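One-letter residues, chain by chain:
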Amino acid sequence: MNGVKVVMDYPGNRALIGFTRRIGLWLGAAVVLGGAAAVMLVLQLAVLARIVSDLAFHNHAISDERAGLTLLLALLAGRALLQWAADMVANEGSLRLTAAIRGELLRHLFNVGPVGLTGQATGHMVTVMGDGIAALEPYFAQYVPRAAMMVVLPLLVLGMVAHLDAWSFVILACTGPLIPVFMALVGYRAQAIMDRQWTQLLLLGSAFLDTLQGLTTLRLFGRARDAVAAVAGMADEYRATTMSVMKVAFLTSAVLEFFASLSIALVAVVFGARLLDGKADFQSAFMVLLLAPEYFMPLRAFSASYHARQNATAAMAGISQLFALPETATRHATRDSAAGAPLVAIRCEDVTAGYQADAPVLSHAGCTFRRNALTVITGESGVGKTTLIRLLLGLLQPMQGHVTAVDECGMPHARWQDRVGWVPQQPRLIHGTVAENLRLADPMADMDTLRAVAAQADALSFIEALPQGFDTPVGERGACLSGGQVQRLALARVLLRNPQVLILDEPTASLDLQSEQRVAAAIARAAVGRIGIVVAHRPAMIAQAAQVVRLRDGRLFSGPSTVECAA
Amino acid sequence: MSTLARIIGLMRPLRGRMALGLALSVAASLANFGLLFLSGWLLAAAAVAGLSGIAARNAFNLFLPAVGVRFFATMRILARYLERLVTHDATLRLIGRVRAWSFERLAPQAPAVLARQRSGDMLFRFVADTDRMGQFYLEVLLPIASAAICCVVFVTVTGVFSLSAAVVLAVGLVVCGGVLPSVAGALSAHGMRRISHQQDVMHADLTEVLQGMGEFMFLGAARTVQARIADRDADIRNERRRVALIEGGARSAMTVIAMMSAAGVLVMADMAYGAGALSAACLPMLALGGLAAFDVLIPLPAAWQLLWQVRVAAGRVFALCDTPPCVPAPARPGSPRAPFDLSLSGVGLRYPGATHWALRHADLSVAQGAHVALVGPSGAGKSTLVNLLFRFHDYQEGQVRFGGVDLRDVDADVMARHIGVVAQDFHLFQGSIRRNLTIACPTATEEAMWQALQVAQLHAFVQSEPAGLDTLIGEGGMRLSGGQARRLAVAQVVLRSPDWIILDEPTEGLDARTERDLMDALLQALPLRTTIICITHNPAVAARMGRVVRVEGGRFHEAGRT
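Chains U and X, in that order, give the protein sequences.
Every letter in the first sequence is one number past the one before it in this note's numbering, and letter 49, counting from 1, is 74.
Every letter in the second sequence is one number past the one before it in this note's numbering, and letter 433, counting from 1, is 1018.
Hints in this document: simulated from the structure, not taken from any laboratory.
Since we're looking at a predicted model, the values are computed, not measured.
Mixed in with the good hints there might be a few duds.
Said to hold, decoys possible - Quick look at which bits of chain X chain U covers, simulated, 3 or more residues with Cβ under 8 angstroms:
id, region
1, 638-650
2, 748-760
3, 813-821
4, 928-939
5, 1010-1022
6, 1064-1072
Said to hold, decoys possible - Okay, the calculated beta carbon distance ranges per label pair:
id, chain 1, residue 1, chain 2, residue 2, range
7, X, R600, U, Q450, 52 to 60 angstroms
8, U, A439, X, R1101, 29 to 37 angstroms
9, X, D785, U, A146, 13 to 21 angstroms
10, U, M472, X, A914, 57 to 65 angstroms
11, X, S637, U, A86, 16 to 24 angstroms
12, X, S930, U, A349, 51 to 59 angstroms
Don't be surprised by glycine CBs; every beta carbon is placed ideally from N, CA and C.
Put together the whole structure using the sequences plus the hints.
Take a look at the structure:
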């Protein structure tokens, strides 16, 4: 609720100020341009005052004022252009900064890694990165420059008025600084009222969303119809509570109105009396009257953009929370996956792992995965297959024990995980062509290579049957591929990196019998010459295995076709 | 335009308040105009009198205009403050109305409408959209209507002194408030649409990238996908820059036109002065009035822009609310009678848009009082039973009878009276434990609540909390552990003491002992007539039921009686 958001303060403010420094040059330029525009404005009002005075009191005809009017136009044009430029410069700085923040946040999230992001709803993160960061733009583009202008223009006006009339100077100089003081006083009072009702406001503010989220539960309770009345009731309660805060909060703007109106009235009345006595000249009086509203204008513009700050601080809380996630993934994805002596085995020795120290998912599990011996891991859902995969991928560190990989000479490797190719349960295709999706793994790959890996993954035939072959758009908004086709495409993509270890998570889980068999056969073929590890339940995949490992009660048990496995 | 007409329809009961708000807004703007207009005259008239010698000076009454100036100043302050109060109050009321109205329309569509929108983001957006619709009055209608009324008054007042000056002012106001914003709006509308589209695309891309993060990292594609997002961002930035250029230009043009109009008014007034139709004191007054008149146009560009956004938001809300429920209410509602036996024969259910059947040729009969475990692989259709029984989704084939009535003749609210469900994705409402229990059963006594908590093995925890039943559980029950939350959901259903209880994985997240205690307490506390259907993966829980039914391939298979 833009217009009715209540005043609040977050530690996010500090982070905002930090960001503001980074576009100091842009904002500085905007303030200089805005200041120049302000000078033009003051000059322009001076010219207007002189013209009016000449016409009304010095018997000038309008034809005598041609020079004055031309000057007025020139100043007007200059001011308009300068202000336009000031706005554009501030806007540009803000656009650049928010783009940079978005890039940095995404990079940070990649460094946090998928395990670190467990429990963060994707929808929430997308909202923070999209709308959240966009909410910072008005803060940098409007709030900050206006805050600066709040100092520049009043000082300029005050200087001019001091030059024109001492009385008016005193009036403006006294009322000006009083405004922020009174606004702050009222603001504190509003804040105090709000602090008292904070919990209630928070609760009522999110009550509608909460009720919507619980709509299914309400229907299961047969209470959906009653909830309609409850929604209306809560909205009314929210209104009553908010308005009790608003009554005080709006006094801040009333203070502004009060002083602005008062000083105009004072200037008019005080000048009127002196003009009547012939102790003042009309041109100065009129000039001061023109300047007086401009004296308060920046303060009004500033309070109008106060919402920009509120929205930005609220958004900043979400952004800071994502930035504060610890960076767990230390992987630097390198492309030299095939370099070095080939790996022949991965050993898990006495591995204990999990997410809470007192409730490990795997305890003292041991197993060896060998090259050219496709291993299938089975187990009931929730027994820790995902944990085992994360361990093998290096996304999770064991609490105890080791996971090591050795090459032909029996030498262990430190960064063997760079040589792992992984296809998750639901492979993601980006919105792009088939070729673009494949080239994610190797941007330099030529068509022959793409064809070769596609053939290896049994994907070539269906790709070539697509309307535009490798140039067919796919992904969520593209051509609909079947589950089995997506799996084979993802397999082809991962093979493009020529990985020495191939890990697949439930590749056949949601496939019909025929595509299941095709995918299983493709995986068996692709695993030749590699260490192949597949999580699966269904017989077609298990039939291709050289080793079956069962996961139960946090331990690994060898199946009948085991090569070597220890519990 | 019909979307706006519908919003205005929603505003109808609030029109009194809204008219008052408009009147106050007009009063404040007129007071501002009057203050400057009169001040200009006061200065000039005083100066004229001061220059024309002692007699004129003594004849000049400074008192009356000074009172006028003070009156306008006071009126400006009061009217502005009251306007804020009244209009914000009306806005909050309007938001409340929009929410209640849309909730009423949405309620019969749950959960189908929620499932159709894959992301939970849709709800956030829905809430934001209803807010935006509520702002239609405050930020669109009010400034536009107020400006229109004020402009007519300004022009009329100016016309009293000089007709030609009034014409110049009218032209300036129309160009500034009408022509300029609509031209700028038309120029930027295309850009705004593109921005909105590109933002949707970027959100979709971000979703893709975040969901596939692990996979992209292992493909070595982290940089590539980040660069893709950066490219999208750069596209949006270019478009925003163009829109900002247009908007900034329009703002600057407004200041130019305002000042030129004031100068034009001055020139016209000077001609009238030259012809003797006006006094000298009127020149500064009309010039100042001309400048002050343009103040009411300041909020208009933002209002025009928001009008577009309101229309988009309202379009989305109306589209969602106008979707007919996927199961129409029964024409001849029947009410099931005891014994509440269930029989499914040859039932086929396919979800809208799905290619395969969730249930097909499914037969099942459950007599009242039976204890049945439903087991089977995930996705086999176990949870479909709830959707079927509550008429959340219609079945296309076969027949279902419950308590002697055809299920097609039973309303979801009637089913809720007989069947209690602990769904797998149950929702706990923010607030206290008491509130959640009251939502489940509004008539429950405190004693009944404690009993239900005891059955759900949660009483020890609630007793240990200082606030007891009034313990706050946070958004979505966030302050409870997964097991505690599930037990609270069980307590809610126990409190309703329905004829049937369907438990979807009731012991998930519990350790073996609590699990055993919970099942013991449930079986002991529930009367014998209560049917229990327990959907579970856990063999220990299934073993507690009298009968085990395996769901596989969209059918029910008898797997044994214990």
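Here is how each hint holds up against the structure:
1. 638-650: holds (count 4)
2. 748-760: Violated - the region 748-760 of chain X has 0 residues with a Cβ nearer than 8 angstroms to chain U, which falls short of three.
3. 813-821: As far as the region 813-821 of chain X goes, the hint holds, because 5 residues have Cβ atoms under 8 angstroms from chain U.
4. 928-939: violated (count 0)
5. 1010-1022: holds (count 7)
6. 1064-1072: violated (count 0)
7. X/R600 with U/Q450: 52 to 60 angstroms: Given range 52 to 60 angstroms: holds, Cβ gap about 56 angstroms.
8. U/A439 with X/R1101: 29 to 37 angstroms: violated (47 angstroms)
9. X/D785 with U/A146: 13 to 21 angstroms: holds (19 angstroms)
10. U/M472 with X/A914: 57 to 65 angstroms: Holds - the Cβ-Cβ distance for U/M472 and X/A914, about 58 angstroms, lies within 57 to 65 angstroms.
11. X/S637 with U/A86: 16 to 24 angstroms: Holds: the Cβ-Cβ distance is about 21 angstroms, inside 16 to 24 angstroms.
12. X/S930 with U/A349: 51 to 59 angstroms: Holds, since X/S930 and U/A349 (Cβ atoms, about 57 angstroms apart) stay within the stated range.
In summary, the structure is inconsistent with hints 2, 4, 6 and 8 from the numbered list given earlier, while agreeing with the others.
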